Each structure stands twice: as structure tokens, then as C-alpha cells.
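**Q** Chains as they are written, first to last, in the numbering used here: chain A, 396 to 483; chain B, 169 to 390.
Calculated directly from the structure, the hints in this document are not laboratory data. One should not assume that every hint holds.
Partner residues are not named here, just some residues of chain A that face chain B (Cβ under 10 Å, in silico) [claimed, not checked]:
1. Gly428
2. Ala432
3. Thr467
Label-pair ranges, simulated between beta-carbon atoms [what the hints assert, rightly or not]:
4. Thr467(A) to Ala327(B): 36 to 44 Å
5. Glu316(B) to Ala479(A): 30 to 38 Å
6. Ile476(A) to Thr173(B): 35 to 43 Å
7. Pro482(A) to Pro326(B): 49 to 57 Å
8. Glu263(B) to Thr471(A): 35 to 43 Å
9. Pro482(A) to Glu200(B): 31 to 39 Å
10. Pro326(B) to Asp469(A): 33 to 41 Å
11. Arg301(B) to Ala479(A): 54 to 62 Å
12. Tyr203(B) to Ile476(A): 26 to 34 Å
13. Pro450(A) to Glu316(B): 26 to 34 Å
14. Pro463(A) to Arg301(B): 37 to 45 Å
Note that the structure is a prediction, hence the values are computed from the model and not measured. Even for Gly, the Cβ is constructed at its ideal location relative to N, Cα and C.
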Amino acid sequence: MTDYLDGNALAGPLGEVFAADITTAIGQCAHCGLTGAIATLRVYGPEPGLVARCPGCEGVVLRMVRTPDAATLDLTGARSIRFALPPS
Amino acid sequence: METSTALTLVLKVPGWPGHLAGQHVDVRLTAEDGYSTQRSYSLAAPADGELVELTVQRVDDGEVSPYLTEILRVGDPIELRGPVGGWFVWRPTGERPVLLLAGGSGIVPLMAMIRARRQAGASTPFRLLYSVRSPDQVLYAGELGGEEATILYTRAVPAGEGRPAGRLSVHDVAVDGWGPEAGPDCFVCGPTGFVEFAADLLVDLGHDPARIKTERFGPTGG
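Model the full assembly from the supplied sequences, consistent with the hints where possible.
**A** Laid out in C-alpha cells, this is it:
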């Protein structure tokens, strides 16, 4: 559990799913309430899946498993994720 | 070749949309039996039309980097996705001074920022501290001669080097970097251990944690 990536590494895998870049979005940890860019999460993986933990409390914020024909995303550890978007 | 173990690949990507300095691509390799694996590589230079540059450090027991550095030939196709990542980026419109801390091949996305600044003719003050094992491991040596770049050798120093070999220190950042009073945007890239150490050091010196952006290299390596 000592070596990990930054949330930056989620940009490609989650770019397959979301139209906006999730790494610059601001998430709130459901465990401790810490708020910050998804890029600052600690990411473990890539096998068997990507697990992104809160840099404050190490709680799991996001999980993603990619199989050949699907992506499964578990966001129970994220209270909210705020995307900056162009004015609608 | 940049060093005996690192190579810069220039790829032609039809329809490349352009990118920001600091962004990366994911390179995917698929074997004949369908087994597939991917790694992220930082873009080493600003976009030049459909040409993009990656610098790949060979990891001897890696799955992807030995292929990219030794087997791939000019003209071979490869699959990549990108550009991705909008957080660890520098834009030439940035007005704050920039402090770049690189550990080993963590220099790659930071070099893209230096090159983007040069290409844009921006006057933003930059300082780079580049921690590297020994002189033969220095990437882009020919472009790092100016006062803005300081190479910190951790194991072996070249002849005439005044600083003894050693890891990045508070003194190095204080003398050759920017202090917190300059309010710089800080970008730190390298192996996990280096990034943790360097980011903590910046915070201890009084830098605003909100202005420190990090990018770590993975545990699985290339």
C-alpha cells in the first residue's frame, strides 16, 4: 500500500465514460468530508481495478473496473463531484 | 536516444487535437492472444501539428517500455489515447512564477512546460530543480544549460560540480528555487518517494499546498 499513482492517472480510463475531464472536478470524500480535485486522490492499481483513496483519511472514494465490454464504477465513497462547465 | 536507457519517440497521430504542457497519453499494447496492457506517458513537448513526442524510460522488467524502446520500429503503428489530464498542466497565459521539481524521468512533463514557455515566448519566470542519479542519466541535457535549471546529482557528480551528491534539500530549494513569498505555482513529478518528500519540503518551507501539483510514477513501472 505504499506505492500509488495520483488521480491524474484516472484521466484516460474515466475519459472513456465521462464527457468532461473528471481529474479537475472537485470531489468530497464521503468518509471524512475532505474536498479536493480528483487528481489529488491516491490511486492504486491498475489490476484488478483502479481504487482511488482520499489523501486525508485513506477511505476509498472511487473504484473502477474495466472488463472487455464494460466499465463498472463505484462512487459510494464520493459525497459529491463538481464539474466546472462552460456556461449553458 | 536521450540516455542509454531512455528514448524519445516522435509519433504522427492523424487528427491530433493539440494538448497542454503536462498532459499525458495512455499507450495500449495488445498481444496476439488478446492480452492487453497500458501505461501512461507524459507528452514531452508542445504539439507540432500531428506530431507528438513521448520520452520513454526503459524499465527492464516492465511490460510496455522494453517494447517501445527496443522492439518498436519506425513506421510501426501503436494505439494511444489522449491527450488526457487537465490538472497537472501549465498554460502559457499563467502569470505566476513557476517552480518545477523533477525526480529522474519526472522531468518529462516539466520539460514540456519549459518548451511550451519557450515556444510561446512567455516571460513567466521559471526555475527547475532536477534531481538525478548521475550525469549519464540526465535527460535533455543540451536544453538545461541556463541559470533557470539546476541539476542536483544524488549518487555521482560530474567533474567540477561544487555540490556533493545528495538528495534534494531545503537548502537547494531555498537557493535555486523560489521562496513562498514569490507565490509560485509548483509542479512536482517523479517516483512516489521523491514526490512525497519534495511536496512535504515545499509545504514545510511555507508554500501554499493549493499551489503544489504532483504527478507520481506508478508502482508497476513501464
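**Q** Each hint: holds or not?
**A** Comparing the hints with the structure gives:
1. Gly428: Nearest chain B Cβ about 17 Å off; hint violated.
2. Ala432: holds (6 Å)
3. Thr467: violated (18 Å)
4. Thr467(A) to Ala327(B): 36 to 44 Å: violated (57 Å)
5. Glu316(B) to Ala479(A): 30 to 38 Å: holds (32 Å)
6. Ile476(A) to Thr173(B): 35 to 43 Å: Check passed, 39 Å falls within 35 to 43 Å.
7. Pro482(A) to Pro326(B): 49 to 57 Å: Cβ of Pro482(A) to Cβ of Pro326(B): about 54 Å, so the range 49 to 57 Å holds.
8. Glu263(B) to Thr471(A): 35 to 43 Å: Cβ of Glu263(B) to Cβ of Thr471(A): about 40 Å, so the range 35 to 43 Å holds.
9. Pro482(A) to Glu200(B): 31 to 39 Å: Violated, since Pro482(A) and Glu200(B) (Cβ atoms, about 49 Å apart) do not stay within the stated range.
10. Pro326(B) to Asp469(A): 33 to 41 Å: Check failed, 50 Å falls outside 33 to 41 Å.
11. Arg301(B) to Ala479(A): 54 to 62 Å: violated (40 Å)
12. Tyr203(B) to Ile476(A): 26 to 34 Å: holds (33 Å)
13. Pro450(A) to Glu316(B): 26 to 34 Å: About 30 Å separates the Cβ atoms of Pro450(A) and Glu316(B), which means 26 to 34 Å holds.
14. Pro463(A) to Arg301(B): 37 to 45 Å: holds (40 Å)
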